[in-house]
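K.L.:
Protein chains in written order, with this note's numbering: chain G, 1 to 257; chain Z, 1 to 286; chain R, 1 to 375; chain D, 1 to 436.
It cannot be assumed that every hint is accurate.
Stated by the list, open to error - To be clear about the criterion: a stretch of chain D counts as covered by chain Z if any three or more of its residues have a C-beta under 8 Å from a C-beta of chain Z, and this derived list gives those stretches:
no.: 1; region: 130–139
no.: 2; region: 272–284
What the hints assert, rightly or not - Derived DSBU-like pairs (lysine-lysine); straight-line CA-CA distance at most 30 Å:
no.: 3; chain 1: D; residue 1: K16; chain 2: D; residue 2: K251
no.: 4; chain 1: Z; residue 1: K234; chain 2: D; residue 2: K109
no.: 5; chain 1: R; residue 1: K212; chain 2: Z; residue 2: K244
no.: 6; chain 1: R; residue 1: K128; chain 2: Z; residue 2: K257
no.: 7; chain 1: Z; residue 1: K46; chain 2: Z; residue 2: K250
no.: 8; chain 1: D; residue 1: K348; chain 2: R; residue 2: K128
no.: 9; chain 1: D; residue 1: K188; chain 2: D; residue 2: K16
no.: 10; chain 1: R; residue 1: K332; chain 2: D; residue 2: K109
no.: 11; chain 1: Z; residue 1: K64; chain 2: R; residue 2: K128
no.: 12; chain 1: D; residue 1: K188; chain 2: D; residue 2: K287
no.: 13; chain 1: G; residue 1: K38; chain 2: D; residue 2: K433
no.: 14; chain 1: Z; residue 1: K257; chain 2: D; residue 2: K348
no.: 15; chain 1: R; residue 1: K332; chain 2: R; residue 2: K283
no.: 16; chain 1: G; residue 1: K38; chain 2: Z; residue 2: K7
no.: 17; chain 1: D; residue 1: K348; chain 2: D; residue 2: K251
no.: 18; chain 1: R; residue 1: K16; chain 2: Z; residue 2: K234
no.: 19; chain 1: R; residue 1: K19; chain 2: R; residue 2: K128
no.: 20; chain 1: Z; residue 1: K234; chain 2: Z; residue 2: K244
no.: 21; chain 1: D; residue 1: K363; chain 2: D; residue 2: K348
no.: 22; chain 1: G; residue 1: K60; chain 2: D; residue 2: K363
no.: 23; chain 1: D; residue 1: K328; chain 2: G; residue 2: K60
no.: 24; chain 1: G; residue 1: K38; chain 2: G; residue 2: K49
no.: 25; chain 1: R; residue 1: K136; chain 2: D; residue 2: K348
no.: 26; chain 1: D; residue 1: K433; chain 2: D; residue 2: K220
no.: 27; chain 1: D; residue 1: K348; chain 2: R; residue 2: K283
no.: 28; chain 1: Z; residue 1: K46; chain 2: Z; residue 2: K234
no.: 29; chain 1: D; residue 1: K328; chain 2: R; residue 2: K128
no.: 30; chain 1: D; residue 1: K348; chain 2: R; residue 2: K140
None of these hints come from the bench; they were simulated from the model.
Note that CB positions come from ideal geometry on N, CA and C, so glycine has one too.
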Amino acid sequence: MITAGIDVGIENIKVVVLRDGTVIASGTARSGGAGRGKAIEQTWTDTLKAAGISATDITKVVATGQGKGDVPFANDSITEPLADARVALFLYPAARSVVDVGADQIRVVSLDEHGAITEVVLNQKCAAGIGTFLRTVARRLGYTLDEMSRIGGSSDNRVVVNDACCVFAELDAINLLHDGVAWQDIARAIHRAMAVRINSVLSDKVRPAKDTTVLIGGVARNPTLIAALEERSGINFMIPDQPEFAGALGAALDAAA
Amino acid sequence: MTREYWKWPESRWTLNDIDWRKANIITAGIDIGSVSSQAVVLCDDKLYCYSNNYTSPEIGDNAKNTLDRALETTGLTIDDIQYIVGTGYGRDNIPFANATANEITSHAKGARFIFGPAVMTVVDLGGQTAKAIKLYERDRIRDFTVNDKCAVNMGYGIEVLADLLQVPIEEIGERSLSDSEDPEPVSTTCNTFATTETMGLLREGMPEHEVLASHLFAVAWRLYALIGRISPEKEVAFTGGLAKNMGIVKRLERDMKMETSMSDYDPQLAGAIGAAVVAQEMLASR
Amino acid sequence: MHRFKEVLDNRHEYAKNWKARTGGKVLGYFEPYTPEEVIYAASALPVRLLSRHEPDDMTDRNIYASCACARDIVNQVALGRFDYVDGITYAEACQWMRHAFISSQYFQSFSYTCDIFVPDYVDGHRSKDVMYSEMKAFKKSLEEWTSNTITDEALDHAIDVYNTNRRLMRQIYELRRADNPIVSGAEAMEMVLASQVMDKEDHNRMLQEVLKELPRRSHAGYPGPRLMLVGSPTSDANLERLVEELGAVVVIDELCTGSCYFWNEVIPQEDRLLALSLRYLGKPHCALKDNNWRRRPAHILQLYEDFNAQGVIIAKQIYCHPHGTDNPHIWKILRERIYPFHFLERDTTVPEREMKTRLEAFINLVEPVRVKLRG
Amino acid sequence: MGIQRWEIRPLEVWAKAKEMRAKWQQSIDDAEKEHVLLAQGNCNWAVGFPALRVIEDNPVGAMMGYRSSQFSRECRAAGEILGWGREICGYQLNCWGAMYLGYQMDGSKFPMRDMVVPFPDPCDQHTKRGQAPMDYSNIPRWQGDSPLYTGPHDPERDATMIENKVGTTLDIIADIERIYGQIFDDEKFIESINLAHRVREYAAEVCLSMQHIPAPLSQKDLYSFYTLGGLTKTDPEETVELWRMLRDEVKWRVDNNIAAVGTERYRWIEAHPPPWYFLRYYRYMEKYGAICIGSQYSHMMGGPFEFKEDGSWGPRVPLNSWGERPIKTREDALRAMFGDDARGHNFKVDEVIRPYAICEFAKAYKADGAIMPLWRGGVGCTVTRKEQGLRLSEIGVRVLHYEGSQPGDRTDQDETRLLDMLDVWMESQGLRKLED
Ligand SMILES: Nc1ncnc2c1ncn2[C@@H]1O[C@H](COP(=O)(O)OP(=O)(O)O)[C@@H](O)[C@H]1O
Ligand SMILES: Nc1ncnc2c1ncn2[C@@H]1O[C@H](COP(=O)(O)OP(=O)(O)O)[C@@H](O)[C@H]1O
Ligand code: SF4
Ligand code: SF4
Ligand code: SF4
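So that you can see chain G by itself, here it is in the shape it has in the complex (with noise of 0.2 Å):
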């Protein structure tokens, strides 16, 4: 059987393929803003030629993300904790706990030990945008996304920023740019103050379990802030390969089950 799961979210589409729970392609693009609907249509077409089937193939469709509500093609679609924990329980069966921190969202979502869902906790507002704003700032300072994480892995220094929220890291980011603080040190400043915000929403209701708690999103993608999310909750993430698609492919899961 071939099911496909589209995740929608603020920042990214991503799509997977799965055929008998392989995963046979998976794309991804912006998803922008007005022009969303064609970006979803564009990505979905691609992987699908790269995965050299038809849309004919495929059993069942299942959209996830918070928008979720724009795939014409859908047959169905689920809230994101859903897809996380499917994914989160495919991927690592002892899974009791799965954060996902995406471009603007950051979610808990904790599971008993049949795998049903006993709580979820979403992050308040002055955590939001964190996926975006590490965006952001590695552009302003010139680099990519990777370069900013591996420079900020790279430095000892302890200056810090406002953990409060990205607005007033950004500030205090500004401030040590304009004082002359290397760039390696205010890039692992910001990473730390993320971490200590993203620890926050980790402790709140619930707190995931050290050796079974899974980190999803394209945050997950960060070594830098993994290690100082690690180094600040004291959990040991299971992180798969492709972070950012286990949305996508809980999806395709769903559409499997």
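Assemble chains Z, R and D with the ligands onto chain G, guided by the hints.
P.N.:
Same frame as chain G, but now just chains Z, R and D with the ligands:
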């Protein structure tokens, strides 16, 4: 390479009508902002050349590069400039500046240069902050106010929005104005909230121009409450890069009944021009 | 002089040493309406729980939209910084502090907690009855907790120590009225803050020494325009320091962690608890308790004039509602007299450049020096 | 598996409620023309004065936020310009913003207050509420206290606190008599207290009936009647009658399993008033078969509730029960009134100092979940809200927090996000929409 919607055009310009060699007083002003940097040269009382570009993270070289760009093709060198004053966030990082001026002062002076001496209320709409300044007796400052922490991220926030919505930043203002009535504004206090909310509206199926209207309407409200604190005159001079965003300025005119001063100059230059004016004053007082 | 800052910076160590030295109990308190003399008379050390900013990812689960002042205290408790504090007490004032009082108990277990109701209308002729009844209840519960009887002699001693402290602090503040004050705003603030986390007898001794040394201090040059600081409480002198670095001097403050803390003394009378009730009700009004008969605006103006200030900085914590509500009136009275003021919001960190620009512009506004020449 | 469906039926007593509401509106309009003194505040004893009308800025502010976001925004800006912060209660921002502007929502002149008699409340914003009109137009103000404390019961403290309130109020009444030359009518006041008590008894029964599955009413209904509960000022007898009728009808609905939401399969509670401008979210939840069965706040109209020794949930017998002690004098009436508010027994006290008390409420009403606002403006609305959430999740009640500015201020309310969160929350509990 996909298009970079958030990027506004950098620029440089020279007034070819005059010969700087004949000028008596040549001063320069350099405004190193959180987002953008400008360098201008004044020959006597004329704006001779300028450059306007992104503030580079290479802070050490940024000021020099900005000035060099302004001087490109003019034949003018840094040694020909009699006095250089720096202003803006990074004013302390201009090794060759003779002095620095506070941003509030330089924007006030710059606005008077750009919009004429009748200007009594100046509002600088910058990358991070907005500053409203009330003047008296030529260019003395009577009162000023700056937006507080949770209301910052002005121009830069719009860059992020342009990026997320994939709309060219110069067009955001125009596109938001296609309807005469605005929808409910998004959060008028915090930019992070506003951005999330804006993306939500778009996702709900609201047409793009309405979404933009909703966002800029909120920014305008935020500004309205800020500007009100200094009891502004009816006529207000807007400076800074965000003054080029018609979606904000037009709303302040249309909905908040402010009259905006007009000029052919690029309002983004006001800080640098103000600094160059300060340089002139310093020369004169020596 | 620097010793005050040392104690302030190492306040936890100070309290721990105090405990080791005396074997007494430490009672943390949240609001300046707490009748410290009673605690002192019970041989416990009253310590004001002051905030200090550290990266905070613990408090979001308990608190929402609180000022950093209250939130940081909870964070400090969560981080175990107050592990030496045996009990906590909250004397009704700001609700965010009450929240901190409640949430702190979630993170640390205390052998004693007590809240004391303080009337909202502090000046009414019936207010003292409630305050008095609360004092009695507080005294009783303290006696139970510490197993010390609070005798009249002990109360007299405590009142004496506290009054002495108040008098000495007033002397320090008086020095700032001089044209060229020998005590800077930052230093004075650190003294008051230190007094709130120390045994007052120690503090008195330190103050007496400083008062002896001070006349020998050499006057620096012209200190710049004289400013007043009004607004939400804080636990550091960073703002004062920044202002003073920029070439102005803070000559007086109206902060509940500053001058308002020690401004009035206990006027002794036979019934000690009544004397104390009246002292606390008679404190300079905080923004929250300034009801019915407004005393705060007049107090601010009085200080402004007494200390010959030239401008006011109003610094409010983000989410500080008592000041958020009181500000319009304070702005109004300052405007009526054309006293220049600048309003700013602060939280845990101050982006220095941003703040510098504003403060510098304000200082220029108060006293136009135009542009500063370099070198 | 099919969904259980209950019979639904409109409330019959609605007609009467509507009629009364119209009359009330009329009386307000008429009052404008009469020459009465206008007091900012909220006090039950005001009925004793022949020409004194109290207006609380709560409903005024709420109404503005609800009716015109544009006007409310203008008000807010007017306040901000004068120095108000965003942390201020939105009701105040709206109401006093209009005062600064000088006009009301409909363009008419803003009715300036003649005095301030604030409603003492643990919320600091309530306390500071009288500040704005007082500072603005130099009018007298009588601030009372709202004493509370935690810890063991101390009868002496309680007594002093109640006496303080009674005494202060007696002083205020005397002051008003002296200053404005009006004579306080004790009989009328005493009667109103007695009637209020009867309303409260009926209301308590109505609230208790919400424990029934299916719930006979929804939170929205409760709110509609809630406002009519305080109307004893206009036509006391009629109000009592209305509540009797409501009580009877609700009883009948319970006996016959008539539901407010036919598909009820999920019961949730809330905390504090909802965003008045976004009541749509109740309807939205009903699509999931989820019904809001009230909050400690809306059930306040039935007085303070508590678990009894036998494990049942019921209204607390007031300290100075009206039944036990006949009310003969002004003082008796005040004591009866304030005895009720004594520590640990009213909803506000629970909110402010006993965050775990909401668990008792949730248990009594068999709640599956709780949706709770977190407001940025107005401390009293948000204080301990997160603590309550933690306590509820400890006992297995699922909690959803959403953020906004304040019930009367939509500035920071992200409606799309709220609806999204509702979907996420419901689906994560295994529920899907029944209709769309
Ligand atoms: N290669 C990368 N290195 C570091 N961070 C990355 C990388 N790729 C994506 N990210 C982060 O992931 C974010 C996007 O996350 P995603 O889950 O795709 O968002 P959404 O689903 O909300 O659109 C980006 O904003 C960026 O911060
Ligand atoms: N051509 C343009 N059209 C619209 N907006 C612009 C344009 N140029 C600049 N901006 C806006 O102005 C902002 C920069 O403002 P500026 O005053 O230069 O900042 P600062 O001086 O604080 O660094 C940009 O973030 C952008 O939003
Ligand atoms: S600026 Fe930051 S702290 Fe302020 S409201 Fe926005 S996100 Fe929160
Ligand atoms: S008075 Fe202000 S600063 Fe102090 S606790 Fe209350 S809100 Fe915070
Ligand atoms: S409880 Fe909320 S709505 Fe009521 S006064 Fe306080 S802040 Fe305002």
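K.L.:
Measure nothing beyond the straight line between the CA atoms of K363(D) and K348(D); if it is 30 Å or shorter, mark the hint as holding.
P.N.:
Since the Cα atoms of K363(D) and K348(D) sit roughly 19 Å apart, the hinted pair holds (cutoff 30 Å).
K.L.:
Straight-line Cα separation of K38(G) and K433(D) no greater than 30 Å?
P.N.:
Holds: K38(G) and K433(D) sit about 29 Å apart, inside 30 Å.
K.L.:
Is it true that the CA of K16(D) sits at most 30 Å from the CA of K251(D)?
P.N.:
Holds, at roughly 18 Å.
K.L.:
For K348(D) and K128(R), compute the direct alpha-carbon distance and say whether it is at most 30 Å.
P.N.:
Holds - the C-alpha atoms of K128(R) and K348(D) are around 24 Å apart, at most 30 Å.
K.L.:
Would you mind confirming whether the straight-line C-alpha gap from K128(R) to K257(Z) stays at or under 30 Å?
P.N.:
Not OK: K128(R) and K257(Z) at ~53 Å, beyond 30 Å, violated.
K.L.:
Is K234(Z) close enough to K109(D), meaning Cα to Cα at most 30 Å?
P.N.:
25 Å, holds
K.L.:
Are K328(D) and K60(G) close enough, with their CA atoms no more than 30 Å apart?
P.N.:
76 Å, violated
K.L.:
Would you check the hint for K60(G) and K363(D), treating anything up to 30 Å between C-alpha atoms as holding?
P.N.:
Between K60(G) and K363(D) the Cα gap is close to 42 Å, so the pair fails against 30 Å, i.e. violated.
K.L.:
Verify the proposed pairing of K348(D) with K283(R), using a straight-line Cα cut of 30 Å.
P.N.:
Satisfied, since the Cα-Cα distance of roughly 28 Å is no more than 30 Å.
K.L.:
Run the distance test for K19(R) versus K128(R): straight-line Cα separation, threshold 30 Å.
P.N.:
The hint is violated at about 34 Å.
K.L.:
Residue count check for the region 130–139 of chain D against chain Z: does it reach three with CB-CB under 8 Å?
P.N.:
violated (count 0)
K.L.:
Check whether the Cα positions of K38(G) and K7(Z) lie no farther apart than 30 Å.
P.N.:
The hint holds at about 23 Å.
When held up to the earlier numbered hints, the structure conflicts with 1, 2, 5, 6, 11, 12, 14, 18, 19, 22, 23 and fits the remainder.
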